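Protein chains in written order, with numbering that gives the first Met the number 0: chain D, 0 to 254; chain E, 0 to 76.
Because the hints were derived from the structure by calculation, they are not lab data. Since the model is a prediction, treat every value here as computed from it, not as a measurement. Each residue gets a CB set at the ideal place from its N, CA and C atoms; glycine is no exception. Some hints here could point you the wrong way.
Here are the simulated DSSO-like cross-link-like pairs (lysine-lysine), alpha carbons at most 27 Å apart as the crow flies [claimed, not checked]:
#1 E:K46 / D:K242
#2 E:K46 / E:K6
#3 E:K46 / D:K196
#4 E:K6 / D:K172
#5 E:K49 / D:K172
#6 E:K6 / D:K242
#7 D:K172 / E:K37
#8 D:K242 / E:K62
Sample of chain E residues at the chain D side, in silico, Cβ under 7 Å [stated by the list, open to error]:
#9 V10
#10 I28
#11 H31
#12 V34
#13 S36
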Amino acid sequence: MILIERLFLTIALSDAAEPWQLGSQDAATPMMQGIMDLHHDIFFFLILILVFVSWMLVRALWHFHYQTNPIPQRIVHGTTIEILWTIFPSIILMFIAIPSFALLYSMDEVVVDPAITIKAIGHQWYRTYEYSDYNSSDEQSLTFDSYMIPEDDSELGQSRLLEVDNRVVVPAKTYIRIIITSADVLHSWAVPSLGVKCDAVPGRSNQTSILVQREGVYYGQCSEIRGTNHAFMPIVVEAVPRKEYGSWVSNLLIA
Amino acid sequence: MDEIELKTAPVDFRFPTTNQSRHCFTRYIEFHRCVASKGEEAGECDKFAKYYRSLCPGEWVDKWNEQRESGTFAGPL
């Protein structure tokens, strides 16, 4: 089945927003996979309830139509059914809550020691990334700004308002800690395929961890729209093999 | 070209929350206390320096360094 999907159905995995997209982008981290699985699990109950309620509604409209049933029934109380329609929805809610909480807490938990720390700092209106694991003094050795490529400058094939000049390069299949903060106003660091959406608050550093499972380029946008240019500071994460990451870092350190 | 070592500040169970500002601040203080008691030359303090550099935004470190120089740093050194 997977082979057939790979061969015929999926040509390329979707890591950026596409026109008229309804579903999620394809997952690249276990977290996003969890979020999508939870969404599908909940949808199962949702469809059941939708069908049941619509059936009841249509049935009532049909049977109690004023022409076939001119004298209304005067039932105002029914203990059994009231108990049933209280208990039953609570059980459904519980079945939704258990996996939901499990996922929520597992997202917060940072158990494995990360291999690298990347700091994403929001500015008006660009992002700064600091890779400080390789510093030998307080002088920043590997830091760069990431600006959006304006509409007029974008090349053929680049996504409009999504491409940046300097991408965040991360190693794939590695635990990464991302520290998100802001230097001025509220920002947010969000990449749908990685299942990350973390607010950047000045004076506070939020931590999130990701494990990118496959190499690729992942697109995201600022998700805290509270000013003129938040829409124009996208996020591009490029996951590369460990070896390439190593040479990327050493190239930048020499430069 | 020598291989870059992938190593960073470990998970610290004193700071299990999403907000890691105190983690960074504590590591910064730990480093300067270590230097104060053992001297700059001792290599023992280097790991704390590595930790706080990994965890703290550069702007914060610069601000704290300035405050330490002018004697207005708020932390217990």
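Each hint, compared with the structure:
no. : hint           : in the structure
1   : E:K46 / D:K242 : holds, 25 Å
2   : E:K46 / E:K6   : holds, 11 Å
3   : E:K46 / D:K196 : violated, 31 Å
4   : E:K6 / D:K172  : holds, 15 Å
5   : E:K49 / D:K172 : holds, 23 Å
6   : E:K6 / D:K242  : holds, 15 Å
7   : D:K172 / E:K37 : violated, 39 Å
8   : D:K242 / E:K62 : violated, 35 Å
9   : V10            : holds, 5 Å
10  : I28            : violated, 15 Å
11  : H31            : violated, 12 Å
12  : V34            : violated, 13 Å
13  : S36            : violated, 20 Å
The structure fails hints 3, 7, 8, 10, 11, 12 and 13 (numbered hints given earlier, in ascending order).
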